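J.: Here is what each chain is made of, one letter per residue.
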Amino acid sequence: MTYRVFLVDDHGVFRSGVRTELAGEDGLEVIGDAGTVPESIAGIVETKPDVVLLDVHMPGGGGVAVLRGVTDALGSDAPVFLALSVSDAATDVIATIRAGARGYVTKTIDGAELADAVRRVAEGDAVFSPRLAGFVLDSFTGRSPVPEPQLDPELDSLTRREMEVLRLLARGYTYREIAEELFISVKTVETHASNVLRKTQQSNRNALTRWAVNRQIG
Amino acid sequence: MTRTTDIQRPDRMRRRSGGKVVAGVCGGIADHLGVDVFRVRVVFVVLAALAGAGVAAYGLLWFLCPTGDDVGPGSPRERRQAQGLVVLGVIVLLANGFVASSAPASTLLALIVVLGGAALVWREVDVTGASSRSGFITWLRLAAGAVLVVGGLIVLVAAPDTALAGMNPTLLAVLGTLFGVVLLTVPLWMRMWRSLNAERAARIRNQEREEIASHLHDSVLQTLALIQKRAAQPDVVAQLARRQERELRQWLFGDQARRNESLAAAIAAVSAEVEDAYGLEIETVTVGDVTPDELRDEKIAHSLQALVASAREAVVNAAKHSGADKVDVYCEVDDEQIEVFVRDRGVGFDPDAVDSDRQGIAKSIRARMERAGGTARITSTPGRGTNVALKLPRTRRGGSSPILDDDHPEKLEQQ
Numbered sequence: 001m002t003y004r005v006f007l008v009d010d011h012g013v014f015r016s017g018v019r020t021e022l023a024g025e026d027g028l029e030v031i032g033d034a035g036t037v038p039e040s041i042a043g044i045v046e047t048k049p050d051v052v053l054l055d056v057h058m059p060g061g062g063g064v065a066v067l068r069g070v071t072d073a074l075g076s077d078a079p080v081f082l083a084l085s086v087s088d089a090a091t092d093v094i095a096t097i098r099a100g101a102r103g104y105v106t107k108t109i110d111g112a113e114l115a116d117a118v119r120r121v122a123e124g125d126a127v128f129s130p131r132l133a134g135f136v137l138d139s140f141t142g143r144s145p146v147p148e149p150q151l152d153p154e155l156d157s158l159t160r161r162e163m164e165v166l167r168l169l170a171r172g173y174t175y176r177e178i179a180e181e182l183f184i185s186v187k188t189v190e191t192h193a194s195n196v197l198r199k200t201q202q203s204n205r206n207a208l209t210r211w212a213v214n215r216q217i218g
Numbered sequence: 219m220t221r222t223t224d225i226q227r228p229d230r231m232r233r234r235s236g237g238k239v240v241a242g243v244c245g246g247i248a249d250h251l252g253v254d255v256f257r258v259r260v261v262f263v264v265l266a267a268l269a270g271a272g273v274a275a276y277g278l279l280w281f282l283c284p285t286g287d288d289v290g291p292g293s294p295r296e297r298r299q300a301q302g303l304v305v306l307g308v309i310v311l312l313a314n315g316f317v318a319s320s321a322p323a324s325t326l327l328a329l330i331v332v333l334g335g336a337a338l339v340w341r342e343v344d345v346t347g348a349s350s351r352s353g354f355i356t357w358l359r360l361a362a363g364a365v366l367v368v369g370g371l372i373v374l375v376a377a378p379d380t381a382l383a384g385m386n387p388t389l390l391a392v393l394g395t396l397f398g399v400v401l402l403t404v405p406l407w408m409r410m411w412r413s414l415n416a417e418r419a420a421r422i423r424n425q426e427r428e429e430i431a432s433h434l435h436d437s438v439l440q441t442l443a444l445i446q447k448r449a450a451q452p453d454v455v456a457q458l459a460r461r462q463e464r465e466l467r468q469w470l471f472g473d474q475a476r477r478n479e480s481l482a483a484a485i486a487a488v489s490a491e492v493e494d495a496y497g498l499e500i501e502t503v504t505v506g507d508v509t510p511d512e513l514r515d516e517k518i519a520h521s522l523q524a525l526v527a528s529a530r531e532a533v534v535n536a537a538k539h540s541g542a543d544k545v546d547v548y549c550e551v552d553d554e555q556i557e558v559f560v561r562d563r564g565v566g567f568d569p570d571a572v573d574s575d576r577q578g579i580a581k582s583i584r585a586r587m588e589r590a591g592g593t594a595r596i597t598s599t600p601g602r603g604t605n606v607a608l609k610l611p612r613t614r615r616g617g618s619s620p621i622l623d624d625d626h627p628e629k630l631e632q633q
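Respectively, the protein sequence lines represent chains A and B. Going by this note's numbering, 144 is the number at position 144 of the first sequence; the sequence numbering is gapless. With positions in the second sequence counted from 1, the corresponding number in this note's numbering is that position plus 218.
No lab work stands behind these hints: they were computed from the structure. This structure is a prediction, so every number in the text was calculated from the model and none was measured. Yeah, the Cβ is synthetic: ideal placement off N, Cα and C, and Gly gets one too. One thing to keep in mind: the hints can contain errors.
[Said to hold, decoys possible] If you only want the chain A side, here are some residues facing chain B, beta carbon under 7 Å, derived:
(1) Ala42
(2) Glu46
(3) Ala115
(4) Arg119
(5) Pro130
(6) Leu137
(7) Arg176
(8) Ala179
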């Protein structure tokens, strides 16, 4: 099956670069791109791609604004978002993941790896970089550079196994290597990683309240 | 590449400028909160009944909020409604004044006249852009406003039976004049204050811009120039680009802690050093950090130094011998221990084979860690890379048994 990809980046040069890199990949088709927040939202809503490659830093609210706009417009039909950013600062990563991105990779990634990451998020997996895993672990040691919102210890604490997976991810292991290490299947590792991501997104009452409050004030 | 310092400030409340009836305060609040403007106006009228609190609040918000940039006037119905509410507000204020205070009607009327005059003047001077009305009408309104304010104040001060009657008439006159002048010139002060603020902000922005420009000149532009010159040598180019990326990243995204003040920074510095020296990519992830107190304790600081030195040794080994183009360094500090893992996917070696050179290095890492009260575990499989795990107990120093976590050491050995 061919996954349809939409590119969001305010740099035209970078967009055409990614287009070229993905053009040679099987099973991926770039169906559109946009460079501003409103154009991106309109384009994504219109073309309904499978995956959106999302730049984090853009004028006018950045990737998070695009995520919110598309999710508001399409609801559960919204495509999967994979953040592709030059920044791997904790604040950017956590904010984008909390807004609902299914993965986060940096722009130094090469074409084949990027294509692989796109396929994986399209199939429902989470794509984690070691650094991102480090940030999530950090938030459990209470030394997170992104102080709030705190993870709800009751609802969102990770299981022992998830922590193990996260720790190995942070050490730079691939999913396959983690599976070998823990004697579990790659699919299980992916499930654990997805759970970590879901919990990091704060799928709980706090987040819901916060979301509602933000909407009210505008 | 993209904007990096995207400071998200909450939107400031702005008054309506096109669709305003008095000063656009209610409209501004309604737009800001996303509620119906009519309700906001009713709330202000009700507040006006409470000893004039609504009027005072309205005046303050008028003073403090900048005008917005909307242009369309509201619907005629909405305007009529609003004007009706303004009249209602005045009546409510008056009625409330009669009931609540024993002041005579003339005083209250004079007060209303003063407020009305002030509102007229403020409204006229408030327009920031060019007014579409002719200058004559503007001046007329200004004059009318001034006359209202002055007249109202004269009545207030001169009336024989006001609450202020006991005061020295000269003093009262002076105070009245002063009050009138302040009331009439408030918009001018306001405008001056705003432009001063705007100028200050512009100056700061400019300064920041210059600073960024000079930093980029010293770093990125220089490196790009070097890269253009060395375009024929891909190794050098890659190395320059990597170093520049790291420097820029550090400058943009913080992490300014110096290496002797933070274990995480020290580990990152070690990685950076080796990355430059051997020209391979080292991905460093740090979780948690030691406390400044621990770094001040000489004994602990000494073991931490040993840990960093061992980690450096391990990274250098990986860079020199593994043949991999990427090494992962992971450092985690939890309550009980500090762990550092250095891992490559290079050629690896057989730990049992007699290889004096590498075993010697392994011993130097191990011996150093043991002297510091920790452990070092080196596992390697030919063809699958090498893993170095360094552990240092955190709370107990030189404890009898080093604390092992649940990291399946037997499996690591198998690798």
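J.: Among the hints numbered above, which are violated by the structure, and what are their numbers in rising order?
T.: 1, 2, 3, 4, 7, 8
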